[in-house]
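With the hints as constraints, model all of the structure from the sequences given.
There are 4 protein chains.
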Amino acid sequence: MAQERPNFQSIRVETDMALEARDIVRGTARQEIPGVKVTERNLEAIRITHVEILEEEAERLMGKPRGHYTTLDVPRFKERDPDLKKRLISAIKEALVPMLPESLQATVLVVGLGNWNATPDALGPRTVDRILVTRHLGTVVPDAIRTRMRPVAAVAPGVLGTTGIETVDMIRGVVQEVRPDLILAVDALAARNLDRLVGSVQIADTGIHPGSGVGNRRQGLNQASLGVPVAAIGVCTVVQSISIAEEAVHLLANQLADEVKFYEILQQMAEPEQRGLIDEVLGSKLGDLMVTPKEIDLLIDDMADVLGEALNQALQPRLEPSEWA
Amino acid sequence: MAQERPNFQSIRVETDMALEARDIVRGTARQEIPGVKVTERNLEAIRITHVEILEEEAERLMGKPRGHYTTLDVPRFKERDPDLKKRLISAIKEALVPMLPESLQATVLVVGLGNWNATPDALGPRTVDRILVTRHLGTVVPDAIRTRMRPVAAVAPGVLGTTGIETVDMIRGVVQEVRPDLILAVDALAARNLDRLVGSVQIADTGIHPGSGVGNRRQGLNQASLGVPVAAIGVCTVVQSISIAEEAVHLLANQLADEVKFYEILQQMAEPEQRGLIDEVLGSKLGDLMVTPKEIDLLIDDMADVLGEALNQALQPRLEPSEWA
Amino acid sequence: MAQERPNFQSIRVETDMALEARDIVRGTARQEIPGVKVTERNLEAIRITHVEILEEEAERLMGKPRGHYTTLDVPRFKERDPDLKKRLISAIKEALVPMLPESLQATVLVVGLGNWNATPDALGPRTVDRILVTRHLGTVVPDAIRTRMRPVAAVAPGVLGTTGIETVDMIRGVVQEVRPDLILAVDALAARNLDRLVGSVQIADTGIHPGSGVGNRRQGLNQASLGVPVAAIGVCTVVQSISIAEEAVHLLANQLADEVKFYEILQQMAEPEQRGLIDEVLGSKLGDLMVTPKEIDLLIDDMADVLGEALNQALQPRLEPSEWA
Amino acid sequence: MAQERPNFQSIRVETDMALEARDIVRGTARQEIPGVKVTERNLEAIRITHVEILEEEAERLMGKPRGHYTTLDVPRFKERDPDLKKRLISAIKEALVPMLPESLQATVLVVGLGNWNATPDALGPRTVDRILVTRHLGTVVPDAIRTRMRPVAAVAPGVLGTTGIETVDMIRGVVQEVRPDLILAVDALAARNLDRLVGSVQIADTGIHPGSGVGNRRQGLNQASLGVPVAAIGVCTVVQSISIAEEAVHLLANQLADEVKFYEILQQMAEPEQRGLIDEVLGSKLGDLMVTPKEIDLLIDDMADVLGEALNQALQPRLEPSEWA
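Those protein sequence lines, which keep their order, are chains V, P, W and L.
Throughout the first sequence, residue numbering follows this note's numbering, covering 8 to 332 in sequence.
Throughout the second sequence, residue numbering follows this note's numbering, covering 8 to 332 in sequence.
Throughout the third sequence, residue numbering follows this note's numbering, covering 8 to 332 in sequence.
Throughout the fourth sequence, residue numbering follows this note's numbering, covering 8 to 332 in sequence.
Watch out, some of these pointers could steer you wrong.
Note: identical chains are not told apart, hence a pair may lie in one copy or across any two.
[Unchecked claim] Taking lysine to aspartate or glutamate pairs in the DMTMM-like style, the calculated list, with each CA pair at most 25 Å apart, reads: (1) Lys85 <-> Glu327; (2) Lys93 <-> Asp202; (3) Lys85 <-> Asp150; (4) Lys85 <-> Glu330; (5) Lys100 <-> Asp88; (6) Lys301 <-> Glu330; (7) Lys92 <-> Asp309; (8) Lys93 <-> Glu51.
Calculated directly from the structure, the hints in this document are not laboratory data.
This is how it looks when you write it as structure tokens:
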């Protein structure tokens, strides 16, 4: 019976957020997806959800590789409250630290994915701009500082369309020269839920997977492709315009189910069917558009400030802020 | 009977394009709105529609002041074809010239409306950057050039949110000092039709009216408020996200009317009713979002190049391009 | 005798700093210029010199109008020490407060002079970008905040070369509409002393005077030309390249006076004569060049951060920083 | 006798221009440096000098590796004349073509050296932005175009201070992945002659050598370090401030030799001695400053336009401009 065996389906989940993928797969089912473990807690104005994908079947259903995904939802980020920014910096730092090599001798390469010249895709490069880069200072700084300082390098490799080189190839080349112990990739993500626009941060130990990111990254960045573990920190900066269409139809269906009898049927359609229908009708028309907040340029800068600060704190636990400003 | 008296309604038309306002008001009616005159012609890849609003009733219905509106639709602009750019420059110049004072002694003040720091709203300021400014050269250049050179000044007054001053007040102050014979305002517009995104230019002799422009200009810029005639050139750079929702529902209704019986009713709803419904359900959620093409930064620069070139050619008919480059 | 009547001369002093003008006029004389009062104090790493020009003769000699000039020399600013930044913010705020209208009802118009597109001249516009603008919020914010909030407007009027309009005319137009009680002008200055490059702030109650500023402002901005008192805050961002030539010759002369006998004569030449000689030989060649630190882009941003913070604190003494961030 | 054996000296030549190095080494000698071949010709407003360093001794004296150096001096570039730009594009293209692989199947990697965030050092990255990148289009474009299209990739690797990675290592990594047949490096150069500021282009088949470039590149980029031939195109964007000091003293000495007797001795000092003296006195003070034209931001953009166009024409001889615009 449907009630006993929820309708978990493997669909082409068009979201970069593991949390959304889980919600889509689960649909209205009350049970958790088998092989997935979810825990939640609330910090003042920040909701932290930890999704762990443990089994192959869950990986297949959700279209995300096994691993840990921490989502920090901060719907009030757009209000630009300095206190909230500070709390978010702490929360990101806390989620990052367990992914970093303990030894301060271990080198970390920060990679800012995306395109400088397209605002919603510029989060990675702009964050890289704020990273305290130290790998080249080894012989320059006094011993008293060097022993407390982790070697950090940072690159913004650009995008295929402007370099002619696959991002994964570019990074693999840099990795061969730098030999980092960990790659920390920063990327702009696409989400489905409008509330997540520049208001949601995902931290994962699985790297960046194909199709992820705003600018159509085509190949995965992970230990398999780069030979080095890849941690990823992403922020949702766009919602595909088709999400709005879906949300429109969905909300209308809910709203009108009572008054206008025939909406019932729409409402009873499984969501994947609804999506398929909308995709077919609107897909080609909306494919190249994106939805962003009006003040996107400002918000991307704010978020790059937050990520830069959080990364510097996490990477350099033994330096004082005044030593890197 | 409905067929004899089409259902022309005065609705709150949320578009800056006179052509779209006319289409919305007219709905499915076969006749033209009384007091409106429309002519159309096609240049290779550019469709030129001239809307003239002649009577008060038409003004009221459409929510646009009486005057001339020329729309240049260039859906292929995104392909970045240099030949198409050149043809568009010519077409804009041709539409502008009749609005300019004939005498080269008459001063024109170009005003670039909008916000430098918000890409889709930055078209005005970026165009101003490309204008050949000559008003201050009077005593510097040789007579042989000066007699062929119109005095042109150019300002980008910023937006209320970043200056604390109403745009109309700022411009009025400048007008008092510069005493131009004509103001030529450049603005980013919001449209409803997705095909118009950075692919449609509107040239009007009525100035900028309240609510127009991407960045919520709150007061009209026109002869009444500024004491000087105001010509306006606008380009659609955003579509409100609610337009996508509407289009989604609309297209679904058309598509499914045959197969899924209950869509018929939706299809038969008058469009204003559909819009009202969608507004009510989605309005608060989508109000602050906007829809833009992915490559918006690049396209805005392209369009600023086109406008700059067209304005320079129209304003300085007797200078050689090599004299202003 | 020369010893009793020092050789105070009115020269064309090519510096925007009153302190430098005084040093040039005074030359090697031990006495102060008659009609000038100077006091000095040292804050940790900031030297504060207050120059008061009291009499007409002093005004003529120094080429600066009568009034108060406070110079904050911070030669270590380039080291980007966060603590030093904080102390500089406090010192600027302290010097500014006495020039501001006491009543929080009095409106202040901040004017950022200079050219966005030329880094060393962009300090004014970039500072304006960081100002908390409140003049338009009167009816929007709750009473509890409004009574503690001064109305502030801010404009960056551009430069003659890109607008075709004299800056003073542009501002006069805005003043007529905004009717501020005080104008606070922010400008980039040229100095002669290389140590002052992005390391010296001058605060004056005399406005901006002709020839001042990096970008050849041609007319004064002051109560006489604008009808409103004008306070000015300027930062030295360039040194004229001719200053380097002078410094070269001057230092060589001092260094070599003992060893190479003929340098004595050069050393004994009065400085104005030396300058005249160098001007004549090098003037046309070096006139359009400027000298800046290598990291000028970064330093201008740092200084705009400092000025923005200092101005916001001075203008809004009763708002919490968290209320304007 | 001195007349027969000119005083060729190996000095630390602080210029990136082979032509200037030759002039410094040669001093006032009438003969050419042994092992160096120089030819000159004049195109309207462009002076083209070809310096060929043939022998080891010449290499040592001049501090530049053996190879071909073409200098295009365009002192009128600052006038922004469109015709002159077109002629310069042609001249650059003509000098570049012999360095490129003949086969259109051979891949070229364009490398834009320098720092985005420091205007005079940003020429490389800004030029890269204008390159038609095609390497990734292989399977996408129709055969009819592909057979006429060379695979081109382009990167801006950043600078050591912002990445923590030596530029040569970064590029070596990319080379290992891309396997180009030629690297074409674009860089900003330092010159000694003020007239060369954004008015001189050097094209060399020897790569980039240590100490070259505005931003202190520390290691050479050449076939030895990268395993691939490296052609280089550089533009002088800064003059070290010490050059001004030298020029000041030098010009004064010449000017005053007659009137002021003791300048004779200075005039008779060999130039290297003069330089040593000035370096000693002024070096530490002027080391971190640079001299640029006032309108540097604009000029760098102009030059990036010229280089982008010239490179695209040289790299894609069989594509029409309309196919890459």
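### Task
Could you tell me which of the numbered hints above are not met by this structure, giving the numbers in increasing order?
No numbers; nothing is violated.
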